[in-house]
Structure formats: C-alpha cells, structure tokens
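Enquirer: Chains as they are written, first to last, in the numbering used here: chain A, 5 to 577; chain B, 5 to 577.
Hints are supplied without guarantee of correctness; some may be wrong.
As the list makes no split between identical chains, a pair holds if one copy fits it or if it spans any two.
[Claimed, not checked] Simulated pairs of lysine-lysine, DSSO-like, Cα-Cα distance not exceeding 30 Å: (1) K278 - K196; (2) K474 - K196; (3) K30 - K312; (4) K574 - K278; (5) K106 - K574; (6) K248 - K196; (7) K379 - K196; (8) K60 - K574; (9) K95 - K60; (10) K569 - K60; (11) K30 - K474; (12) K30 - K248; (13) K95 - K278; (14) K474 - K248.
To be clear, the hints were calculated from the coordinates, so they are not data collected in a lab.
Here the structure is a predicted model, which is why all the values come from computation and not from measurement.
There are 2 protein chains.
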Amino acid sequence: MADTGTASGHQTSILVNFATSPAEYKHWRLDIDGRVARLSLDVQEDQPFVPGYELKLNSYDLGVDIELYDAVQRLRFEHPKVGAVVVTSAKERVFCAGANIKMLGQSGHGFKVNFCKFTNETRNSMEDASAHSGQTYICAINGPAAGGGYELALACDHILLIDDGSSTVSLPELPLLAVLPGTGGLTRLVDKRGVRHDHADFLCTTSEGIRGSRAVEWRLVDQLSPHSTFDQAVSDKAAETAEKSDRPSSAQGIELTPLERRIDGDQVRYQNLKIDLDRELGVAYILVEGPTEAPPSDLTGIHAAGDKFWPLALARQLDDAILHLRLNESEAGTWVFRTRGDNSLVAAYDDILLEHAFIDDPSCWLVREITLYLKRTLKRLDVSSRSLVTLIEPGSCFTGTLLELALAADRCYMLDGNYEDGREDDQSFPDATVRLTGMNFGPLPMVNGITRLEGRFLGQPSAIEAIRAKTGADLDAQAALGLGLVTFIPDDIDWEDEVRLALEERASFSPDALTGMEASLRFGGPETMESKIFGRLSAWQNWIFQRPNASGEQGALQLYGTGAKTQFDKGRV
Amino acid sequence: MADTGTASGHQTSILVNFATSPAEYKHWRLDIDGRVARLSLDVQEDQPFVPGYELKLNSYDLGVDIELYDAVQRLRFEHPKVGAVVVTSAKERVFCAGANIKMLGQSGHGFKVNFCKFTNETRNSMEDASAHSGQTYICAINGPAAGGGYELALACDHILLIDDGSSTVSLPELPLLAVLPGTGGLTRLVDKRGVRHDHADFLCTTSEGIRGSRAVEWRLVDQLSPHSTFDQAVSDKAAETAEKSDRPSSAQGIELTPLERRIDGDQVRYQNLKIDLDRELGVAYILVEGPTEAPPSDLTGIHAAGDKFWPLALARQLDDAILHLRLNESEAGTWVFRTRGDNSLVAAYDDILLEHAFIDDPSCWLVREITLYLKRTLKRLDVSSRSLVTLIEPGSCFTGTLLELALAADRCYMLDGNYEDGREDDQSFPDATVRLTGMNFGPLPMVNGITRLEGRFLGQPSAIEAIRAKTGADLDAQAALGLGLVTFIPDDIDWEDEVRLALEERASFSPDALTGMEASLRFGGPETMESKIFGRLSAWQNWIFQRPNASGEQGALQLYGTGAKTQFDKGRV
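Excised from the complex, chain A in its bound form (with noise of 0.2 Å):
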C-alpha cells in the first residue's frame, strides 16, 4: 500500500490503481477532430487522489497523471490518424500550477519519490510519442505555467505562450518550496532546449517566471503569439504537424478493454502474468506466461486479435504489473522473474512484429505501437528501485522480448541440466534453453539508448557479435554462461540452496544501498537525457527531499501557505 503519510506519523494507506479510460476522467478532457486531438487539463478541485488538500490552480497530483498516462496511451492505440497532439488548460487565465504542493507536503518520502518517477515515465512517453510514434505533442500554454505545468510544456515538441502581458512559464520550485523542479525540468532546459545556464539559473530562482518575447529569446518558449490570434497559431501549428505525420490517414484503432487483474492476498493475477509476494522474504515472484498459440500469420490477423495479440496483452500487464509493486507493495524489494512455454512461440511473436515494425508503411502503425510499448515497458523495469533477478528454468521461454528480462536483472540464474527428482508442478521439461531474436539487437533500448547487451559488453564490440552468431538458437546452460548471458549455473543439487541464500542475502541489506547500487550498476556507457533525468536529476531530488530544509517539521514544503518562514540549515554541504 502507498505510504502517503508525513515522516511525522499522521498516514493514509491506500491501494493506487492504474486503471481509467476518457469516461472516468475527471481532470482531463481527450478530444479528437480529424488528424488532431486536445488534451485540456480542467482539474477538479475538490477530487484529489487521496484526502487532505484541492487541486487548485489546474494543480496535479498521482489521480491527474493517472488520467494523462491513460490518454497518452489511448491515443497511440485507439486513435491511429491522429498525427499532432495539443496540451493546454481548458480553464481561464491558468495553465497549470504543477504538481499539489500540500500533496506534496503530506506525502512520505517514498510516495513523493515514486509519483516524481510515474509523471517523469508519463512525460518522456509523450516525448517517445513525438519522435517515434508520428504522434507529436504541442503546448498551448494559454495562462501561467508554474513547476510541473512549465515541466508538462517541457515534454512536448513545441511550445506556444499566449502573450498577454501576464501568462508566464516558472519554476518556482527552488524559492518557494526549497525542492527541485522534480519532472525533468532542469534536464530538459539545458539538453532540448539549449537554454544556457546562467539564464536557466535565472528562471528557476525568480518565483515569478518568464513572460513574452524574453521568453522566447532565452529559448524558454518556441513561438509567442497575443490573444487575439493565439488559438488560430495553435490550430495552425497543430495541422501543419499533423500534415507532416507518417500516421495513416484512415484506420481503425484497436481498444484498449479494462486489464483484468485479479488481487487476492498474496496473489496477483493477470491474463498472461502472475504475482506472488512473499512478504516475509520481502521477494515478489512475477511469472510471465508465453503464448499458447502461434501469431497471426499477418496485420489483419494482428489488427482482429486486438489488445489479446499477445505481445500487446503482457506490455500492457507488465507496465500495470511494475506499477503496482512500486507504489503498493514497497517492501517486495526483490522482483524474481520466471517465464513458462515455449521458445519457438515467443520467437514467431518477436519475428512478426521485426517484420513489420519497422517498415515506412502507414499500415504497420500498430505494429511499431506495440514495440514501443515493449519498449518503454522494459525501460520502466530498468528504472525500477528494486533488486532484479531473473531464474531460468526448464519449461521456461526466455526468449528474444523475454530474454531482455534475464538481460536487465542484477543477477540471472540458469539450471544447468535439468531438475533429477520430481517436483511439485514438474511436468519433465526439458532442460532450460535460452534463445536470442532480433529484438535483442536494437529495438528495445534502455534509457541510456543503448540495448541491454551493449550495456552488458562496454567496450567489447565482439563479445555481442559472438552473440548475435547464435542469433536462433536454443542456448543450454554452458553455452549462456560462456556467452556472458546469465550470471550463475547451478545444477540441481545446489539451484535450491543457492537462489534461497542469494534472495535471503538481498533482504538482509539496506534497501536504499541497493537502490543507488543498482542504478549505478545497470547504465554503464553513454548518457541520454532521459537517464539524466533518472539518474543525476532524480538523485539530486531524491537527496533533497530527505533533508531537513525541505522536508523536516519546519521545512519548507510543510510551512508553504502557512505565512511562515523556514529557517535554514546554511551549511553547503
């Protein structure tokens, strides 16, 4: 459950869930007209997430982001045409205030963490969407745009300001709050958009923000345009960047029907996924279901099977998946990932999206949508602050998408042989075979913008070109391990022993260790500004928080509002 509660005791527990569609927003209003949709933020006051603040100002909390996360999703799979997406306020002389600062302030540490991760996911899914999926978002700020409002402009491809002698673009999070503009902000001042520094350091110590042509000039904003004319430079720009989307101009979209999930003690179920937590050893145990069937054999047959398409069906459970442990169960500080079916059937999976997804074909828009789905899914798995392990095993499919899980865990143990007595649910398998697919080699990328196995062998060009050699075929034990692709081989005799000790070992340390360990360790090689975002940025916010400027009883997140000043610690540390 979700730690919403202060450091000072006062706690609220609920269950955050994912799930919502157009109809149940609350906050957000998605419409379409032809090749151009309106995300307006019209935030309800008085619907926060959870008690004890309103959302004023067009202000957000997790039940806003929830609702964007949602459109954002939609409208890549449901809405195919739609080829320029605009982000503005559908209220009056206000775009939004950012994130809710007494949310913020009631919050615990954990909680403040995690959302600044799901509305940093969200952000640079709209960025994904721009470059890769011929969706291209567009800001209309038509009022000031504070914090995480300046931030939600950040993330898209362009940003028109209404110049009106009052509508400002601010970050005002250092001054008022002594936190960071904690959604990619600082990051995307300084690497999208070429703000210098010194101006950047301007803008995010001045409370009061940044309006009209000096706007423009530091490069803050893209286009300013006076009342009047604003919402005709909007349309304009919108169907001129629609004009330019390699999105068909007449499909049909595929819906996106309510994920079943069914929670029960211990135990989370999904279509193709299963939890099961065993809160003692503090380990969450995710068993990925393969196929049972062959694909489609083409994009009529995708197109029919819809959101059960079975690549489709376990991105969509794995994202829910990965979000319900980080926000409801804090304390699985493990993830152990085991998969169960056939390799030759994940394989055709994999081989029939490569052929498709990356072909200049308006037609194969669902196809490239599933991948990067896969994609972004698998990078939300990276980022997470959890000890990753993956087991394989006989009956297992680790194969080509599902390979990546061995690839991105911490540590990977494969049996070496098979299983010499029966077991419980032993079906006599056959020895565990591992098997790699193009997918392995480019279009699932970490968010450093490498693939998992370039990250894996730094510097060793020929170590994945011995790899990519057996690109197809079925990998035993020794042959993974001489590969580099698994960590341990255990036979038998010792498998029991040594996952037990290595799962009882991870629970004894500190979690906070392991999570800095952790997001050091995985992002070797180049940076991108999204591993900026979730390295050094989140880091750095992560730190503050923590401290007592901030955060403490007399900080400057719990005293906001109430006309008192906070004393601060000066020591520069």
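Since the structure of chain A is already known, use the hints to place chain B on it.
Expert: Relative to the frame of chain A, chain B by itself:
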C-alpha cells in the same frame, strides 16, 4: 571550520589544512628510482586526522588522502623524468582497507560528502596523469584491497593482484555499512573496466571479495602473479610503462615551495588571490590578481620562474582556496569572483602556455603540466557545491583563462560603462572589457569533456563560431552580452542594487536545493566517467548518507563493529 561531529551532537571543529610535503608525510612513502616512482601506503594507526579512531589495516582518512594528493602533484612538477608510478602497500598482508569506518561514523553529513568529493578528485587526477601527463599509475595489490582500497586500484591504469590464495579485491560497503563505494568504484567497474553489471552486482554484495583467476576473468584486475614473482612482475610492468612515456629522460623539476597563506579573521590572503568573507550574507568574495609583468619569453624563463610563474602560482592558490572554502567555510554559500589586472598581460601568459603546451616535445612538459593543473582546478570549481557569481567591473582582467571564471559562474554581471561617481578604491579604470583567447576553446574542458563555451551553447555551434571570431578583441559589456558571454549588464545606477539583491536572494534559498539545481544546470550535454561520478554516483551516495538506514543512530555506519545488527526500514523508495 569542518563539522566532523556526528548528528547526535558530538562535534569537533578543526581547520583543515591541505599543505604538506614528503618530509612531513606520516602515511605514505614516495621513492623515486629513475623513471619509476613508488608510492607506498604505510598508515600510522595512531595518527588519525582528528581524534576518535585508529587507522587500522591501512585504512585512510582525510589526512592520508591529503598526503596522496600532494604526492601526485609533486610527481608531476618535481619529478619530470618519472614515467610510471607504482601504488602499493608497505605493510605485510594488507593493501588498503579503504576509508576508515569509525571516521565515517563519527563524521557529519557535510564532512562525509566533502571528504568523498576530495578523494574522488585525487583519483581523477591520477587518471589525468596517466592519460595526459605521461605518468601512468600502476597498482600493485600485495594484500587484501577492500572498499576504498580497491577503488584506489581502480583509479590506476593497470592492476596487478598477488595470487596468494587469500588476497582479494572487494567492495564491501553495501553489505557491511549500507552505503555505496563512494570513490567512483561502481562507475569505474562498469564504465572504465567494462565489468558486466551482474558480476559487479555480485562483487558489491559479497563482503569477502573475489580473488585469483575469477578476478581476472571478471576484468576486476588486469594481471595475477604469485608471491614469488610478484615484485618482479610489478617492476617489469613499471619499466615497460615508463619506457612508453613521453616525459623527458633528463630534466630538472621545479620545486613546489610552501604556499604563503595568511588567515586573518574574515580575510584569507595569498600572493595573487584574496578572500574576504561576509559571514552575515554567506558570501566569500574572491579577488584574483592578474600578472603585473610580462611573462618570460621562453621555456628557460618559465623554468627559472618555477612556482612563481603566474599561471602556476594562480592554479596553486585557487586550488587551495577552493578546498579551504569547501571544508572550512561551509556557510559561505556563494562565491563571488572578481579580478584585477591587465587584460593584455593575462593574454600574454595564455599565449605562452598555448604556444608550448600541446607540442610533442618533452622539453614542454612543464608548460603542459601547468595547463593541465589549470584545467583540474577549474574542474574543481565547477563541481563545488557553492553558487558561483562573477562580477566584471572596470579594472578587471577577465581574459582567456580568467574568463573561464565568468563562464563557470551560475550568474555573471558586467558593469555597462563605468562608475559615474568616485569610489573608495576608484583609480579611474577604463570601462570593463573581457577578452577571449585560445584557452577558451579547448584546453580547459569541464568534467563532462566539453568546454564551458560548448556547454553554454549546446547544439548551437554558430554561436560559438561567432564568439571565436572575436578572439583577441576587447569586448565591452554590450558586446559581451550580445555574444552571450555574460548574464546581465546593469549600468552604474543599478549595479550596486542589482548585485546586492542577487546575493541577498541567493542567501535566502535552501542550500541543498541550490546544490542540486547547480549540479543539474552546469553540466548539460555529454557525460564522462568523471561527470557520472560527480553527478550520478555522488548524488545517490549523498542520499544514502542522509538515510536513517545508514546514518541514523541505529544505522549501519553507527553500529558497525558493535556486534549489533541494523534493523533496516525495508521500504524501497
């Protein structure tokens, strides 16, 4: 004064002094034999930097590391012939046990963070010597190398491990202390040595470490040698490495004479640099004096000037000033840089450095060293957790190397025109101008590998070309603003108010939030191992240092050695 006490109130304040020399070393021995130097660690248990702990097993504290830094510096300047440096232990059966744990346990947060930063910088300077200075570091691990001990080895270019059945390399910080290896170890494992992240995970969670052939297979060390041939293997490798050095085979070093520094209340005076502290405002005003006479006309003259040659004298004084302010003046949150002198004289010194520093000729070793030292010192400035403000006024000499102080600043103010009314120290200087030299376009990169100008204009090469075209010209405030070299150019009427308000405003903000913001904005663009260590790794470590699981009264750092076991808060954040 450094707060070295615990959070629970047991405090000791001492003045940290970085001046030392080989004759004063307590813990290291520096031996030179022809082209090979040997740095032997022989820590005196009973000589800790502050009372309260014993330096057992060649463990180190700030005092040990100050000596190491001094030795690395002197090797560069005083021993020009040295081409290889062997780092080893003078003790039997132990190499180095890393940072002393009791010292960490009794240190306050600020001290721990600054201790780690300084040790990181020293290790980076060893790598800088290997890469650029023709002095390649080789590590001879002749006994167990634990934690910071192994991290010291990781900073070397080649690691030999004795194969005696018991000597291991280990990073036991996480299992034993609930913190990270804080001196770049995690980053160097994956980014420098290409150790697989699952192998690194195993190493970092295994307190007993790894020895023998597995250490080589996993790329943790480069070479293994049995006890009987170990010394010979080290000598051979050192000789072979020294052979490849481009250092002169015969040359006279220059002596780094004791730095003259006078601390007098709120003032610190060096020969070419002066610090005035405004403790109420939390500001350190740093005045850099330009050269007063023309540089020597050739290399002989530079050698004769020795450490009085202005660029070297400046680097030494600025280096010491930064370290002094970091460790001893933690509440001076803003550093305000001013210069006084003659632009043309500064340019003349830059010219002579540029003329000789990048020439493939051993006789230029000293000029290259001075240029590298200026680079490292400016890097130290960039990663300092202080707000940097530069004031450009009539009589200043922000030219070339000194202009980097303006480009490094979070804000830079330049007086447009001159003072209208007479000032106390008004000597009727001409209007302030700045001047670019070749030093601004390559020799002085930041930790992320790009110049401050490149970082300032990310993705805008034309802006940089426009600036390059003005090299050598005296640029007044309007011109400097137009080129984007300065932030604001108030005239005399506004100057005093605008600067004062900016400094007062800065002083009113949370120092923690400023540190996180500045670290995020200063380093846009690419990343290097160095920038990852200061950005990502240090930020995570700082967060972990702040968490009760590590630093609480019942945290692992406090309980280590007591026999009591930490009860961790198991929530993953």
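Enquirer: Now tell me, hint by hint, if it's right for this structure.
Expert: Do the hints match the structure? See the list:
| no. | hint | verdict |
| --- | --- | --- |
| 1 | K278 - K196 | neither (39 Å within a copy, 39 Å between copies) |
| 2 | K474 - K196 | between (39 Å within a copy, 27 Å between copies) |
| 3 | K30 - K312 | within (28 Å within a copy, 71 Å between copies) |
| 4 | K574 - K278 | between (50 Å within a copy, 23 Å between copies) |
| 5 | K106 - K574 | both (25 Å within a copy, 26 Å between copies) |
| 6 | K248 - K196 | within (21 Å within a copy, 43 Å between copies) |
| 7 | K379 - K196 | both (21 Å within a copy, 27 Å between copies) |
| 8 | K60 - K574 | neither (32 Å within a copy, 35 Å between copies) |
| 9 | K95 - K60 | within (11 Å within a copy, 66 Å between copies) |
| 10 | K569 - K60 | within (22 Å within a copy, 47 Å between copies) |
| 11 | K30 - K474 | neither (51 Å within a copy, 57 Å between copies) |
| 12 | K30 - K248 | neither (32 Å within a copy, 70 Å between copies) |
| 13 | K95 - K278 | neither (42 Å within a copy, 55 Å between copies) |
| 14 | K474 - K248 | neither (40 Å within a copy, 40 Å between copies) |
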